[in-house]
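Chains as they are written, first to last, in the UniProt record's numbering: chain A, 1 to 432; chain B, 1 to 432; chain C, 1 to 432; chain D, 1 to 432.
Careful: at least some of the hints might be erroneous.
Below, simulated SDA-like cross-link-like pairs (lysine to any residue); rule was C-alpha separation at most 20 angstroms, straight line [as the list claims (entries may be wrong)]: (1) D:Lys3 - C:Arg309; (2) A:Lys3 - C:Asn206; (3) B:Lys319 - B:Thr295; (4) C:Lys316 - B:Glu381; (5) C:Lys403 - D:Glu2; (6) D:Lys3 - B:Gln73; (7) C:Lys372 - B:Glu407; (8) B:Lys316 - C:Gly207; (9) B:Lys3 - A:Ile264; (10) B:Lys313 - B:Asn408; (11) C:Lys274 - D:Glu2; (12) B:Lys3 - D:Ala204; (13) D:Lys372 - A:His228; (14) D:Lys403 - D:Ser290; (15) A:Lys3 - C:Arg309; (16) D:Lys274 - C:Thr295; (17) B:Lys3 - A:Arg309; (18) A:Lys313 - D:Lys403; (19) A:Lys330 - A:Asn408; (20) B:Lys372 - C:Asn16; (21) A:Lys313 - A:Pro265; (22) A:Lys274 - B:Gln73; (23) A:Lys372 - D:Lys372; (24) B:Lys316 - C:Asn206; (25) A:Lys372 - C:Asn16; (26) A:Lys372 - D:Lys403; (27) A:Lys316 - D:Lys316; (28) B:Lys316 - C:Thr295; (29) C:Lys3 - A:Thr188; (30) A:Lys3 - C:Asp373; (31) A:Lys246 - A:Pro297; (32) A:Lys313 - B:Glu381; (33) B:Lys313 - A:Phe5; (34) B:Lys313 - A:Met1.
Just so you know, the hints here were simulated from the structure itself, not pulled from any lab data.
There are 4 protein chains.
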Amino acid sequence: MEKVFREPVHDFIHVNHQIIYDLINTAEFQRLRRIKQLGTASCVFHGAEHSRFSHCMGVYHIAKTITDHFSMQYPLEWDPDENLVTQCAALLHDVGHGAYSHTFEGLFGTDHEAVTREIITSDQTEVNAVLRRVSPDFPEQVAAVIAHEYPNPQVVQLISSQIDADRMDYLLRDSYYTGAVYGQYDLTRILHVIRPVTNGIAFAINGVHAVEDYIVSRYQMYQQVYFHPASRAMEILLRNLLARAKDLYPENEAYFNQTSPCLIPFFEHHHQLKDYLALDDGVMNTYFQSWMNATDPILADLAHAYITRHLFKSIKFEKADEEKLVQLKKLVDDAGFDSTYYTGIHSSFDLPYDFYRPNAKNPRTQIEIIQKDGSSYELSELSALVSSLTGTIHGNRRFYFPKIMLENEAFSAFVINDSFYSDTPKIESEKR
Amino acid sequence: MEKVFREPVHDFIHVNHQIIYDLINTAEFQRLRRIKQLGTASCVFHGAEHSRFSHCMGVYHIAKTITDHFSMQYPLEWDPDENLVTQCAALLHDVGHGAYSHTFEGLFGTDHEAVTREIITSDQTEVNAVLRRVSPDFPEQVAAVIAHEYPNPQVVQLISSQIDADRMDYLLRDSYYTGAVYGQYDLTRILHVIRPVTNGIAFAINGVHAVEDYIVSRYQMYQQVYFHPASRAMEILLRNLLARAKDLYPENEAYFNQTSPCLIPFFEHHHQLKDYLALDDGVMNTYFQSWMNATDPILADLAHAYITRHLFKSIKFEKADEEKLVQLKKLVDDAGFDSTYYTGIHSSFDLPYDFYRPNAKNPRTQIEIIQKDGSSYELSELSALVSSLTGTIHGNRRFYFPKIMLENEAFSAFVINDSFYSDTPKIESEKR
Amino acid sequence: MEKVFREPVHDFIHVNHQIIYDLINTAEFQRLRRIKQLGTASCVFHGAEHSRFSHCMGVYHIAKTITDHFSMQYPLEWDPDENLVTQCAALLHDVGHGAYSHTFEGLFGTDHEAVTREIITSDQTEVNAVLRRVSPDFPEQVAAVIAHEYPNPQVVQLISSQIDADRMDYLLRDSYYTGAVYGQYDLTRILHVIRPVTNGIAFAINGVHAVEDYIVSRYQMYQQVYFHPASRAMEILLRNLLARAKDLYPENEAYFNQTSPCLIPFFEHHHQLKDYLALDDGVMNTYFQSWMNATDPILADLAHAYITRHLFKSIKFEKADEEKLVQLKKLVDDAGFDSTYYTGIHSSFDLPYDFYRPNAKNPRTQIEIIQKDGSSYELSELSALVSSLTGTIHGNRRFYFPKIMLENEAFSAFVINDSFYSDTPKIESEKR
Amino acid sequence: MEKVFREPVHDFIHVNHQIIYDLINTAEFQRLRRIKQLGTASCVFHGAEHSRFSHCMGVYHIAKTITDHFSMQYPLEWDPDENLVTQCAALLHDVGHGAYSHTFEGLFGTDHEAVTREIITSDQTEVNAVLRRVSPDFPEQVAAVIAHEYPNPQVVQLISSQIDADRMDYLLRDSYYTGAVYGQYDLTRILHVIRPVTNGIAFAINGVHAVEDYIVSRYQMYQQVYFHPASRAMEILLRNLLARAKDLYPENEAYFNQTSPCLIPFFEHHHQLKDYLALDDGVMNTYFQSWMNATDPILADLAHAYITRHLFKSIKFEKADEEKLVQLKKLVDDAGFDSTYYTGIHSSFDLPYDFYRPNAKNPRTQIEIIQKDGSSYELSELSALVSSLTGTIHGNRRFYFPKIMLENEAFSAFVINDSFYSDTPKIESEKR
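Bound conformation, chain A alone (with noise of 0.2 angstroms):
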């Protein structure tokens, strides 16, 4: 069989293996179409709406071309055999991401890693179902992968590293749906270069400066893309808006049963799998747009300004002026904003690469190139850029607030004074 897939990032997707095709099919797998890749962010840039579906068939498609390539050029170093394994857990990798992840994780205690892994286990799911065809052990070793417990470590690597199919998808599918530039870099190139080595992934020498490129293009998606204000005050209103409903949920059960039948789950704290799955980006915008009518005036008004899109404005702090901020609140609550809906704290931080540091909380997998002799570098030896960028996290904090609080004296002048509201665009760097 052969299905093929037309898309503006990879041009041609094509799926030859039942078993993938069939994946793709599953309930739990077309879910993914409802859920917006870049969550809030696609508010910002309005042409990145692009879903997890999406990212999910470009994870798959990268991780095939590498095996497909492996299986033909490395006879020795690379194990035919890996490659569906390897390809379903590319194509599965995110199948457990929810509607606006990592606000909903923060309120529900959810983790998308987790129900990624259970979604694959369960006997339950369509997803299970299809893996067991495989073997009855399959889903299991599709959910090691994920989980890093794979015994191969090139398989782990290829789906989770620094340098992974999961990274070079979205770098270049975000960039090519926000027309934000400088996220490209020379995927062909890299596709050319990677090659099986004994303890997991390396790449040829004459492929250094594309490596180096696309670490160049990760910091830079990081810092203007993932990081922008205004996308980190969708969030936040988000946020507020979900502990509002949870906060009033004991006190107006019935509404809410009428309302957002499938948040209940989540107020009561005794969700499943299945409850999980009900939920998407259409199903929580719907419950929004029901609560833009709710009595209680800061539901109504947060869900109004989270549908209608009227953000939060926000300032930059270092982590020393933190204490400062009570004050911030204090002035907001006086101003008649219950603080704890109305303002936010947003730190967004990453680290670009690193070298592996075997004492550290989570060790890195390096990148290693080779040289023609057989010898290996570690990345940031051959490259200044990638050298300035290493172990060093980027980012910075902001606190949020509503936009009229400007126009409050006390306000704006502590703001000012404290050399709080700066335009300034300096990125916060710490060495890890």
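Keeping the supplied structure of chain A fixed, place chains B, C and D upon it in accordance with the hints.
Below, chains B, C and D without anything else, positioned relative to chain A:
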């Protein structure tokens, strides 16, 4: 003021008029973010998940580029006072689109063009409130442009003609997001040669090949993307699903009140503007997901098929063979599928271009190409390619049915013997 | 061995056969770096300065991609032993091109296709020496492919047919370098659906729109780029310049021996292969620059006009009006310009596509589209666009003359009254 | 008047000032068509055969876009009377480049920047005649801009600074033609945020990431494209070939008079502007081709190697090891190759960016980023990436020798033992 929106099709969209910016931030316009531009086609071309919001922003951008250019270069032929009304009409031309408009309109008698005008002129909307700030009759002016009743034909043609800002954006945009390269044409060139003339819009002769390529692109996008059989299968499924719900409603009011409250006004034929605005793709999909658990087996089955994308199969047929479909439907009924809900006919035809025919029902404004000496030609006189497409509709008719019927011997034999079921991609063409 | 060439049209070109690599490094092939692909058109489209070297590399790349694909996917229909001969023929198909071939051939009776075969089969060349390493008769086999005499029609059609590796590359490449976007078509798709059949090459039905778009691209590139009036003005200038030199030679041997030694064998009609290979664009331009100081005023003037790009102007004319050109030439003569060297006729016509006509002088191999059931259609049966271009030649005739003649009253009146001098871009079409 | 040039990097270049159009049509400017932008690198990146003509057109286009934008948007900060001088300087900034300038200048003491000024100010040139039509001192003004002596620093910085119209074009253009995607950056964005300030040019803060990406692109293009080892091998070959000719000349005047007349004035150290203008790539290559038949075996051999691209091999070395090269040269001599002509050292270093250092020999104008409140930052203060590149030169030193020496045991052993011959792509970096 100036706001810049980054996006991939036009790179940067600049908004420097407060009215435009405020229109974008109305509830009615933000709602377009929740309605996909391509409807069910995004299930076939998985990269094409963009919304009507991004398309409307693009149409505004093109209209702004043209009107700025006209104001600068053609002060005698173009009145800069028309800039704002043109840009507003461009931005708002699709504001009345609803979720899955075409299918929905067929079943519930709504009309997205009428809704567009109502949103603009009703004093209940945020859009109207913003427009009235320009002048009391400004909403009517904008609506007149969209209704083709505005006195200045230049403005009308920029918004609605065979080569207008609307089509210029959607061809490029749908091509960008589907990956269908044949939809690309030379917008830069067209924006350079477009010019205002006494009775409308024309194009300088040195851009004739760009205009020719635009018409060819339009033709190809319709045949390859908009008329894709799988996308039409989704539409049939959607139509039948909604028809089933509508038919069930009188006996099951309570059920639908609980699962799909916002559809009730439509089931009961007394919907108002606010009811229409409450619907979007997410709301509809949420309802469909809840119907998956309905006790009515047909409703549940069709909802499941739609949500998990289990498509009907189809055959092409000629108009002359339409009556034979009765026999096919009977076979479907005999196989235990209610053919009312398990079959469907989908005819798709497009007229890529036509010259002005005074006696036609809807005569088209022909595309005029101006020579250096001021004389002008109708486009098809200058282009063999356009001439071959002029005045001829292209498309086909398809009959949809459950995939499993292909395993039914009688059905299968009938289809094959009557040379119904053919892959022939021949596009049916008829002189208009 | 593997050598990788980075380039913008195909991204990376891989060479992994020593014979191919050694052919690239022959003196005869490297010489193609010094001959522009588009000849005089690079003076009009200043971005298009690419050489025949880069085109030949591209044709090789496409042939390699196809033959690798065939070897893998169609082991029954394609013999992998044909790979090398196909790739060599692709690489070398233009190796006999000379500087400004078309103009040069008209004046000196050379024939670049004959030279191509001679370079391949003559034992005096480096190319032949490399090819002989495969087998003694391998040069003859490669030459047979180029001469359409190779027994396997699949190989012949890949190198020379209405949709061959040669055209596939040059349309994309010339489009990339000129910036003429209409020349872009979906090569990836075509390479996916091309397949070997018993008597040649065919294309699967699901790629029919890509093939259609390729034909349309071809048509547009010819009309807009290859037939550009300014580029043809440069060709007329070149032809007249060389004609003047040839005419002067008998009385000025010493002068030409000194300024342009490599042209002597051509002036004297006894050139050999090595003489032909000594010429390239740089050598010719060097000669033209030295002629700028010639004592013969016509030679000096035409050389100066060519080098500094002072072009003749032109008017279009219909075949029926050809005799009136005598009068125009007389006016040019009367104005003091020798019309032999200061006027010229340039007719450019192309047949974009045709089906097989057994009785035609040069019957074309038609493009076959295969259905899933194995039956096949000729392309124009399936495409309204292609059908409109089939069997019709498109182009026009132009008469070139000194620009200053437009200031001559009699000339100017004649031209305008006889509606000669028209900007009408109507392309003349004639059924073949 | 308006003339439009279609090209792929900027799409359309508009010329609407007669002076600019007439400058383009001068003999001196048309000559740039015959000089490749990348010199010998076009033999390595075979797609990159573009000329200095196309680059100069691009620089003009960028300067025009900026000055038009300034005139419109910043009437207080920018004087529109500076538009023409800026555009002329942009167009002509490289008009003095010769064939293989860098190599040629090293051997014959020419200076392309001095020639540029001479072409502009000498009353012998067509360029000067066109410029004088503006005003008698206009040529001097244009020359002053190029010499950094023009009083208005805004104009000077647009033509020559760390982010000027020259670099903006060549990075994009060389990237487009080589296919090296890392050279692409967001020109549209930069042209939107560039603005005139009192003492020069600055960039608005909301474009800081585009400026950052431009610096990174510059760094990558230098390391990967401009410093490519194979391209430098061609330069060494060229240098040694010309050196041999120069050394042979005194004893072989007749030979060189016959084969390479235009080089004589340079051999004899009395060249004038017209002699310089008589040279171009084609003339030089024509001479090299004739030298292939020279009786001097070294001249013939090097000419043959150059024309058929048989490259020297190379090793990298550190400055400290320079003296060891004496031993390597001796081994080359011993093997029968005159090391004067068969070896060479090529050091390539670039300083990607630096801030203003008042005490430096050539202090650089730093890139200023302006905040909304009018205050400004130096670029590296805002960007970790740029900061890592600031004030550090990057590059390496290579020693070139005949490939066959690698088969020489002593040479090979020496090279390997001393860890000379290493593929390590480590770029040597030195704080300035």
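**OP:** Starting from C:Lys403, check that the Cα of D:Glu2 is at most 20 angstroms away, please.
**Re:** The given pair, whose Cα atoms are some 18 angstroms apart, holds under the 20 angstroms limit.
Original post:
Holds or violated: are the alpha carbons of A:Lys330 and A:Asn408 at most 20 angstroms from each other?
Top reply: Roughly 13 angstroms separates the two Cα atoms, so the pair holds.
**OP:** Measure nothing beyond the straight line between the CA atoms of B:Lys372 and C:Asn16; if it is 20 angstroms or shorter, mark the hint as holding.
**Re:** Since the Cα atoms of B:Lys372 and C:Asn16 sit roughly 55 angstroms apart, the hinted pair is violated (cutoff 20 angstroms).
Original post:
Do the alpha carbons of A:Lys372 and D:Lys403 lie within 20 angstroms of each other, as the hint requires?
Top reply: holds (18 angstroms)
Subject >> Satisfaction of hint between C:Asn206 and A:Lys3, Cα-Cα up to 20 angstroms >> reply: Measuring from Cα to Cα gives roughly 12 angstroms; hence the hint holds.
Original post:
Are the Cα atoms of A:Lys372 and D:Lys372 separated by 20 angstroms or less?
Top reply: violated (51 angstroms)
**OP:** Could you grab the alpha-carbon distance between B:Lys316 and C:Asn206 and see if it respects the 20 angstroms cut-off?
**Re:** Roughly 16 angstroms separates the two Cα atoms, so the pair holds.
Original post:
Taken at face value, is the distance from the CA of B:Asn408 to the CA of B:Lys313 at most 20 angstroms?
Top reply: Between B:Lys313 and B:Asn408 the Cα gap is close to 13 angstroms, so the pair holds against 20 angstroms.
**OP:** Given the hint that C:Lys372 pairs with B:Glu407, test it: the Cα-Cα distance must not exceed 20 angstroms.
**Re:** holds (19 angstroms)
**OP:** Assess, step by step, whether the Cα of A:Lys372 is no farther than 20 angstroms from the Cα of C:Asn16, and give holds or violated.
**Re:** holds (17 angstroms)
**OP:** Measure nothing beyond the straight line between the CA atoms of D:Lys403 and D:Ser290; if it is 20 angstroms or shorter, mark the hint as holding.
**Re:** The hint is violated at about 24 angstroms.
Original post:
Is A:Lys313 within 20 angstroms of B:Glu381, Cα to Cα?
Top reply: Violated, at roughly 57 angstroms.
Violated hints for the displayed structure, listed by number in ascending order: 3, 9, 11, 14, 15, 18, 20, 21, 22, 23, 27, 28 and 32.
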